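If you read the sequences in order, they're chains A and B. The letter at position 624 of the first sequence is residue 624 when you use the numbering used here, and the numbering goes up by one with no holes. The letter at position 37 of the second sequence is residue 37 when you use the numbering used here, and the numbering goes up by one with no holes.
Take these hints with a grain of salt, some might be off.
[What the hints assert, rightly or not] If you anchor each label on the Cβ, the simulated ranges turn out as follows:
#1 Asp70/A / Leu128/B: 31 to 41 Å
#2 His658/A / Asp52/B: 29 to 39 Å
#3 Ser11/B / Asp199/A: 30 to 40 Å
#4 Lys2/B / His658/A: 57 to 67 Å
[What the hints assert, rightly or not] Here's a subset of chain A near chain B, in silico, CB distances under 8 Å, partners left out:
#5 Trp413
#6 Ala531
#7 Asp653
The hints are simulated quantities; they were obtained by calculation from the structure and are not laboratory data. If you're wondering where the values come from, they're calculated on a predicted model, not measured in any experiment. Cβ coordinates follow ideal geometry from the N, Cα and C atoms, glycine included.
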Amino acid sequence: MTIHQKMDAPDRRNRLDDMAQGVLSTPLDRPEGPLKVSGRAPYAHEVQPEGMLHGFFVRAPRIGRLVSIDDSIARGTAGVETVISGPKLIRNPAQGTANSAPVQPDADIYYIGQPVALVVADTFETARAAAMNVRLDIAEADRQPVNPTDYDSPEDQQSTQGDLDGAMAEAAFTVDRTYTTPAHNSAAMEPHAAIAQWDGDKLTVRSSLQMLKYNRNEIADSLGIDPANVRLLSPYVGGGFGSKLGIAPDAVGAALAAKETGRPVGVVLSRQQVFEATMRRSETKQRIRLAADADGVLSGIGHDAWVSNLPDEAFSEPVTQATPFTYGGVHRQIGHHIARVSRTCAGSVRAPGEAVGITIFEIAMDELARATGVDPVELRRRNIPEQDPTSDIPFSSHKLAEALDDGARTFGWDDTLPEPGGRREGEWLIGQGMASAVRVNALMESKARVTLQPDGTALVETDMTDIGTGTYAILTQLAAEMLGIDAANVKTMLGDTDLPPASGSGGSWGAASSGASVFLACQGVRQKIAAALETTEEDLTLKDGRAIAGNRSIPLSEVLDGPVESEGHIEPGDTGDAVRQATWGAYFCEVAVNAVTGETRVRRMHGTFAAGRIMNPKTARSQCLGGMTFGIGMALTEELMHDSRDGHIVNRDLAEYHLPVNLDVPQITVNLLEERDPWANPMQVKGIGELGICGAAAAVVNGIFQATGVRVRDLPATLDKVLAGLD
Amino acid sequence: MKTTLTINGASYELEADSRTSLLDALRNHLGLTGSKKGCDHGQCGSCTVIADGRRINSCLTLACMMDGVEITTIEGLGEPGALSPLQDAFVRHDGYQCGYCTPGQICAATAMLDEIKAGWPSVVTDDLTASPELSEAEISERMSGNLCRCAAYPNIVDAISEVAGVNGWKEAAE
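Chain B with its partners taken away, still in its complex shape (with noise of 0.2 Å):
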């Protein structure tokens, strides 16, 4: 079946199977194999794009529902010599090592970091009535969907929290 897919702020028409999720159209069809798929069930986050400003796993989202939502996967938040600030924290920082999980988790972290500033609280989050505070538990704690077997997760903490400028890292950039 014929789908119009908002990527990157290009328009695709993609022509599919309506069993294709939107994993598999990214990867098998449309040659964005940035998003990963790790284990195709919503279990390892290595999928995460984000979907109208929210991440979202696309291995379970099926890519003919996409039609009219403004997608974002890895290959648009930054490329070589003009990476995001995530991006270039992620590679300062180690914040990977196989690299397979690592589109995800920057698809991911840069989903969330809106989130804690939409005032979203978290099961870390202390008062569920105020706004959450910017801190590495909230961060470890909202990235806990997107495994890591190389384990990143101390330089992935620390990617992040040096971008969102959390306590030390905020005082260390200036």
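Just chain A, same shape as in the assembly (with noise of 0.2 Å):
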């Protein structure tokens, strides 16, 4: 039995609000917590089978073309087994949902760090020093630039409506900017991994990945087998923020060379190679306009952007994506443009768009505020529009207005516009800043199975993926809430393709859309146990194991006489296109910017979020706790350096990339409002792994310019810029 659901419609049912059990949307501890904070929880590089060989790889340390590779000392090297190069080795990951094998460039080198040759050896030792000794030719070859320059403005991604010009020239106040933000990684702590193992035509990977449906039909596809001859396994993920969405050259070369050898072979990434040869969030340019009126209110909004990525790949950062719909005025234009380059692959980085796209938005805004000397926040009220302005449809709910409020009174928000640099504490200038946080919101197919025991256990099974995000967590209580038993009686299994194929991991639409799959597969079980019971699914009640039905109640050990099992199937439909979905919130953040040396510190930091029902308020804080440092980093501190000369990143470790600390982030609060999407999904629930980083940058940015009067508009606020702006 399956249910299944396209959302072409909205689901008004709110079923949720009718289940007994009381575990959902309670702040449940993450069922595999134990397991986590004692060690036993085997990522992708811990389970390693008998006589495992080691790969290491050899990166390209120029472009060009490799003429031969000359590995004969790494051959003779005691311990090696072999060294696998050749078409089939990929050039870098896959894109999110991408779903085939990514370019297999050969010969071909088109960034410094390509991984071009894999030494495999009985220990990890041996692999990596033979590595060392492997010598490459490489010619020069005809590539693109390794600074972007030409930039392609494809037609499809320039948008204008109305007269922006005029708008302009009209406005009682405006801006126009042009600011910058570098490239970032996402540097999720566990490497890239793999361990790759045949038997026979069947080939099992245990890796570190984040959609393992997309991700079967890559590794299929770039080994040029059949998809159902590959099982992965991805239990546990030590996170991904983008850089996991697709196969990465750790998976490709580590079952290639356990084809070659007849052995299991497991390959990492060193963090160096996790910099060079995985995703890179795009560098952008962007310019702002903004045209308003004498009271702040907009009449045009102009949105540029300038982004690069490698040749071939189909990802470009949406930077403008939330643009058309986040404020009001008519007159608008959006315009989108891309440099090929020789560089490390651009990819998704935690919120792709928005995150970079809002908060030079949210800067921009509040430069809006200072011209116009409306309080920042009271700005943004005035210009939340009635419906999405650019397509005419109506929002699906909106709670930016409520955010703003909710956060403003939280942090305690001083509405008198302070003069810049007005508040000073020994060394230390003291400022506030805030920023409108704004993200997209999706659905995506995606499938579970459940299976109800008489003894009042259940099990999940979905290939979904737990990247830190706390899909254990929410399936294991909306399965315990639909089911009316304790959560502790639910087993939830993630991560293997063997089981139902999931939305995955990423752009936010994890928890709504496997969610959706786990409620669908309940609602089959629960209409068994209705039919058994001779009533009706909506008129049953299961609570502590016991099913209640008219005015009878009945243990469910008595109801059922073996297991009850149902899949659940969700679809997105025609509620995508009908109406705006996305969701909303607010940051609030006091920063110190030490007067002498620059240096700015984020003292106090809040966010309001409303992503639709919340299912586990503990694990959703987590998760905008965890964008909101993200944020903090873009501000202060994150940022990829290319060499001008040869495009190589420079700071590619974990010394050089400067992620915040536990000292650079205090102790920062989360409200989560109460709110139902019915055009999300039948659970109401919509996305939050990435609100929390969208636009989280600019609170921190504008508390600096509140903070000394010094605008950075060259992210990160580095101690440098703030200190030539100060006097």
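Please dock the two separately framed chains into a single complex, following the hints provided.
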């Protein structure tokens, strides 16, 4: 039995509100927590089969064409089994939902750090040392420039509405500024890793991946084998943030090496290889134009973005994704421009588009607040549109105003628009900053299977992943709620392509999509129980292991004479286009900027967010903390630096690419608003994994302005840039 | 080469390459994969273990140098059903998300609390000659060698504060 629902119409039943167990939307501890905190949750490289060999990649030190590989020293090293190279190795990871092989460049080298050979040996130490002894003969070849220079402007990515130039000319106040953000790295703590093992034609790969349904096809296509012969295992993923949406060079390298040697092979990318050979977020240049009347009400919005990527990559950082609907204004112009470069592949890094697009837009809005003299919170309130101003469709639900009000109240926002530089404590200049949070909401096809036993235990099965997002917790709670049993009696199995294919984790759609499939599967189980009791699913109450219908209350063990199983299948439908679906929020922070050194410390930070029904306030809050901390990094320290001569990443490790550390992050507070969005899915749940980063950095940068009067338009706001503006 | 390692109270005979780090010995030779490799360069803290009571980066330590040293890894601090107070607090405060940096965080926190007790000052200690006070700032500073990209930092500070009995947590517990 499969319960299928295609979201062609809003689902206003709010069925979850009818359930009686009372476990959903409670702050349940993660069920896998004890395994994680005791070091017993097995990640990609942690179930090592007997006789496993170790692979270590050789990187290309320059761009060009590989004429020959001299691996004689490596092959002559005791313990080395083989050196893999050739046409099947992949140039870079697959893009999210690619579903097919990435570019397989054979001898062509497109960027510095491209993996060109894999040395396979009996120990990690031998493989690594031998890899250093592989000599590459690389010839010049015609390649894209290493710095973005020539931009294409794809016609379908430019849009004009009304007359922005006219609006700018007639406006009482305008902002016309150009900003830049540098490239970023996801920097998940677990490096990309894979262990591959063949059994005849059957390949099993244990890896660290976000979207197994797609990843299976990507590996199969890369190797030229039938996807039915590939099994992927990713029960625990040590962080993804977009970098593990698609397969990476480790998986293909390990599979090829395991095939050739006839032994299991494990490959872990070094941290430097993660920086060079997985994904970066593209650097952006953004021009924002704002035209406003005397009250700060927008009449026109312009947003142009310039980004880059390798040739033959479909992904292009969707910087302006939320600009069409965030604020009102009749006259609108959006431009998107992409340069092809010889640099590490650009792909999804947490909240592609809004992470940098909303951040820059919200800095521009702060500039408009200063120009008009309107309090920044009030300015945003005044520009909330009645409906999507570009598509003229209604919003499914709109919580920006409420988030602004709640956030300002919780934070203690001073709405008097204090003069910049007016508050000083010793060496420290103190300022407050805020920004809106906006992220598009999506639903993806997803399947799951739920089995309920007469003893009141249940099994949830789907190839969904938990990348730290809380999937184990929320799917467990959801099944417990729907089936009326204790969460401790639900076992959730994830990360195995033998299980029903899920949406995967990405684009903030995981909880809503995989959750909806579990919801539907549970509905199927409920229908069977209802049928056994000669009632309807709607009239059935399941609570504490008992089925209640009419005035009867019967233990499940008496209702069921065997396991009851159902699958659930959710598909996106017309609700995706009929309305504008988005998640909303607002950030507030207090910064202290050192007047002598230019150093910025974030003293306080608060976020209020709305993302539909919250399935677990503990894990949802943690997702928001993570996003906001990414924002602190984006605002103050994170910057991937490319050498302008050859494009290589200069700071390719965690000592030089500066993530926020514990002391950089204050005890951030988070409020989650109550919301039900019937257009999203039958659970009224929306995505929250990325919302916390979509504008967070702007709150910090705007705080620096208020503290010092220094407007940083070139992120991150490092000490030198702040100092240059201080008197 | 042969090395005798003492890990979590048990003795292991390791036959490994002299280049093998303590971290790789644990993960690749002894099946103790609770210690994580995040950077292999002492930059992230995921591999933190406790050696003779002090926290170290096991990726920066050769296994063959550890003969005679008492090593405690995350597996030695507790297990499901019998978690250490810090492990238990990390679960309740959601002091992690993906969980990959977590063993290192907990090993570091375990040793760090002893450093405060021993009177070691830190960069946020006002009076370098007095015993440092247990505070959120001290904990946050002293845990800054352990990166968490999921950024559970506020929850990590809460979890450690509760176990250490800092300020409000102490009162709440009483």
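Cross-check of the supplied hints:
Between Asp70/A and Leu128/B the C-beta distance comes to about 57 Å, which lies outside the given range of 31 to 41 Å. For the pair His658/A and Asp52/B, the beta carbons lie near 32 Å from each other, so the given range of 29 to 39 Å is met. Range check, Ser11/B to Asp199/A: Cβ separation about 36 Å, and the 30 to 40 Å hint holds. A beta carbon spacing of about 41 Å between Lys2/B and His658/A contradicts the range 57 to 67 Å that was offered as a hint.
Annotation: interface hint on Trp413/A violated; nearest CB of chain B at approximately 21 Å, more than 8 Å. Interface hint at Ala531/A: violated, since its Cβ lies 39 Å from the closest Cβ of chain B, which is beyond the 8 Å cut-off. Given hint, Asp653/A at the interface with chain B, holds; its Cβ is 6 Å from that chain's nearest Cβ, closer than 8 Å.
Hint compliance for this structure: hints 1, 4, 5, 6 are broken, all remaining hints hold.
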